[in-house]
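Engineer: Residues per chain are reported as follows:
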Amino acid sequence: MSYYFISIGGTGAKVMESLTHLCIAGLLPNDERLYIAAIDPDVGNGNLERTSAALNNFVAFQNFSVGNDTPLFKNKISIVRPFPFNPTGHDKTLDDLTEYHQHSTGVGKLYAALYTRAERSVTLNEGFRGHPSIGAAVLAKNFGDGSNRTTLTAQIEKLIGEGDSVKIFLAGSVFGGTGAAGLPTVARLLRDNLADYADRISIGGALILPYFSFTPTDIGDELFARSENFLPNTKAALKYYADRENLFDATYLVGDSVMTAVKDFSVGSANQRNEAHIVELYAALAAADFFAQPTKKKIFKYICRHERDKFSWNDLPTSRERFVQFARFIFAYVHLVKPVLNNLVSGEAAAYKYPWFVDLLGGVKVTDPDVVNFSFYAEAFAAWLKQLETFGGREIFLIDPAAFESNPARIVDKKIFSALDGVQSKITLHEVWYRLTEPLKLESSVTGFGKFLRRLYEACAA
Amino acid sequence: MNRTTRTVIKIFVIAATAIGCIAAAYYVGSLVTGHALATASDNMNYSRWQEKFFTLTRATGLLNGLCALGWFIAARFAFTVDEVPGAGKRIFWAGICAASAAIALGVPHVYAPMLGIKLNGIIFALFATIFTGAGFWLVTIFTTPLAFKYTPPLSREVLKLFSRR
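First to last, the protein sequences are chains S and E.
The working numbering applies: residue 357 is where the first sequence begins, and numbers increase by one.
The working numbering applies: residue 2 is where the second sequence begins, and numbers increase by one.
Extracted from the complex, chain E is given alone in its bound form (with noise of 0.2 Å):
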């Protein structure tokens, strides 16, 4: 597989999981603790809420699934490593997981009560989980340019244990 398949395989990998994660997020969240959640906001049904808690999860995951994105264009198009010292950019990686993790409670917090729907504890731990942990870090393990390939924390351990199976 030549650079620019691949390039393109990771870019719609990462387009792929960011839509997938919104599905999990937002048909787990509905799941688990919808109803109660619809219940108790006021002037909502579960129809509603189901409605405005889809615009959150997307808003919340194609920002998420810009950092995963962000990070792969800046790995594959702007390092470059001439020089040992420019390698690894694990400090550039953890920010941008900052960022994600930022996006993933953050967004909710601050759109939910714009959309007048209330959330508790459970969807902020799911939307750490689904879009930081699954939208960022694994994407990130999976897709990052091979220059910098284990530059996400346990890469190499889940790559392993894939290239095994």
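Only chain S is shown next, with the shape it has when bound in the complex (with noise of 0.2 Å):
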């Protein structure tokens, strides 16, 4: 059994983030190989930038010799290239891309019926400016028969050949550009170009409902999208898939009653960095859940949280320890290892103050790559769980918010530690140090950096 997962459009790529923590984590149902590709229009996109930062940090981490007895990255990913899939190209416009408007017959004049003509002249370099009836025009042409022929849909008949069954989650927004338009037409043109292969593939999809809102700044009569529209695309967005039960084999509706502000209003590219938020999370969760699930089940899930205004682990359906371990493991780092490893390499530190790092890091460089990229990825960990904790005026009862801060990744209050997620464990940082320097028998193959890693994990179980 293999996994894909795709992202399509800018909420496509932040559920992917989020993905790609609980991947790290150890989060995901069995550790079947996860396949991951990104369809997006505007490369350049704050938050897909972000994404791909902590999946390549992941690809790296899988290097690591941590042993297969740990959940620890034990979900090996690989990433389908070309990351992200551009299906408009550079610099192109819908009359580029379609060349409907050279056409003088009837198909020209449908064409320019159904398009205005901002529509057909406006750069996508930024996406489909939640405009998902230009997405879908271009990614039906481009994806059924572009470059991704050759990649995404060869590779997956090339697994099915080799008498694999596959399992493929598309996430993305049915309220925006790319996303709206992606995730019928992707599935769609999965469905189509992997017809011969039916009783092998199953298509799940997250279907992200309206969940923020923004006001425009300043940006003139360009073409964009407005969060008034969302409500509108949605109710026919979901109408559209009322009427095609056939699309997804497993559809999962996720949204919120609130709709969250964001903070700085971007019509794309690396300005746009919104803020992680939990129905994200959520929707990551629903591609954990699909791949658990047996292939070819017929399944809608609904979820709700036991109450309005608050979030609390009985209203995430993960394993809670396993996050949380994770989450400890992260801060230990941050607090605990990251300024002695700072220290030793600027020679203000005398080696034996840290017997872990006498035993465990003697022969590991401090500036390695692989030691760099961990330090980044627990900044990146620590960014993504406070955006979390603090959106929206709600009360999120997960990780305790007053424990950390993020931009630098640090613990402010110690004591939070032992009771990261409000539940007091014995697990206080002294115990995490003490554990440390124990003596563990791991397998032979778990060496370097990764048995460090493997060894600060485990100090870290409750």
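Treat the hints with caution; some may be incorrect.
[As the list claims (entries may be wrong)] List time: in silico SDA-like cross-link candidates among lysine to any residue, alpha-carbon distance up to 20 Å:
id, chain 1, residue 1, chain 2, residue 2
1, S, K770, E, P86
2, S, K797, E, M2
3, S, K742, S, D726
4, S, K448, S, S477
5, S, K666, S, G778
6, E, K11, E, C98
7, S, K771, S, N699
8, E, K161, S, V714
9, S, K770, E, E84
10, S, K771, S, S781
11, E, K90, S, N699
12, S, K797, E, K161
13, S, K666, S, A759
14, S, K654, S, K430
15, S, K448, S, R473
16, E, K11, E, P86
17, E, K11, S, P795
18, E, K90, S, V696
19, E, K90, S, K595
20, S, K771, E, F78
21, S, K742, S, T674
22, S, K591, S, F656
23, S, K742, S, V768
24, S, K770, E, A129
25, S, K430, S, T803
26, E, K90, S, A705
27, S, K771, E, T81
28, E, K161, S, A706
29, S, K770, S, A758
30, E, K11, S, L796
31, E, K90, E, L155
32, S, K782, E, A79
33, E, K90, S, V714
[What the hints assert, rightly or not] Partner residues are not named here, just some residues of chain E that face chain S (Cβ under 8 Å, in silico):
id, residue
34, R49
35, V82
36, D83
37, A88
What the hints contain is simulated information worked out from the structure, not anything from laboratory work.
All residues carry an ideal CB built from backbone N, CA and C; glycine is no exception.
Put the complex together from the two separate chains, hints included.
Structural biologist: Structure (structure tokens):
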């Protein structure tokens, strides 16, 4: 069995970010390989960039020798190239891509009637600008027979040809541009392209309903997504999906009753860096749930929370224990380990003070890319978690946000470390330090920086 | 081996080493220079000198043992490392080591005249070597709680030597 996760558009990229953190924490149901693909014309999108950074870190972590009997880094991933797949190319307009405007016949006239001049002439470097009609036309033309046919579809065909079954999960918004256009189009094209192997593929989708809003600032007549259109767009999209029940084998609808205001509006590109949201985490958990289900089981999932303005562990369908252990592991790293590595590099610290360094990191160069990547990832995880915990003025009771700060990631209140999830445990920072120095028998294949991370992770177990 | 078992074993090692050091200091001191010192002391024969010398080694050894135990108890139960600057504690270890040296040299210096026996430089050197060297430095290398295991100087090298064998 192989898993594919395809993110479509900016919201899909943010779901992928959450999924990457879940993968690294070992929260996917089993240890199958996960292939990750992204479809986004806005290749420089800030959200996608952040996700790509986390993904590339994870690819590097897979070389760490942490052993096989641990959830840490257990879900191996492969990034499907080109990443992201850009269906529009650079500086192209709808006119350039479809070329229907050159037709003086009925097709050309119909095209002119369906699309406004602005829709036809806007460059698509920053996505479909909240206009799924543009996206649907572009994707239908370029995903089906474009370069991705030789990568994504061909790769899936190869796996199926080797006797493997494949579960494909798509995630994107139904209210914006790229996601709304891409979800049904890509699902349909995949079904058509892989029709010969219908019994061995299963397609699931997280349809993200509106959960944020924004106020555009000073962009003149430019074409862009408008949050007042989100609900009508969603209504139309849901009607479409209701009429096409067979598009997905499993459909997950995820949304929020409160629209979280986006701080800095941006049409797209690098400036579009929206904070992480619990809706995206739910959508990532939907992917995990889909991968855990038996193949070809038709499911519609509905999940709700216990209290209107409050999220707690009871509302989250995931392993609390494993998530909290991973959070402890990251914060122990940024609090106890990272400063030591920095001090050792700068010569400010003597190694004798840190027995775990002498015993486990003796032969590891602390300036190695592996170590630097992990430190970078720890910062990214803390930032992601902080954003999840502090959104929309609602109370989130997952990891106590009072315990830590992000950018740079650090523990603010050491006492809260032992009760990160609100439940007092015996795992204090001192206990982690102590455990790190105690003997622990591991497989002989567990070596280097991976061995150290494995030990730290084990030390954070309740 | 769990942490409690390890703690009990280490306390036992500290106690056993203290007893061993007392025995070593007593026998080596008696053999090397006991006869000469007994003769030099007033109203003293060798067996009486040995009796007084044993009292002296016992007092010094017990106080030294308390130094090693004090370090162990502090490192195991009192020190908390929840911050990078809290690690190491070598200054504290050095303070107790200095106390151990002061005991190894000071106790015989003060207590021997009270017991009416004479000592020489060999006994002082022997006490410093056995009680501070073996009874404190060496025993702390093997018994220091793991969170501070490389705090005693040269512990890394010594432990490596033993782990190879």
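Engineer: Which hints from the list above does the structure break, by number from lowest to highest?
Structural biologist: Hints 3, 7, 14, 16, 19, 24 and 34 not satisfied by this model.
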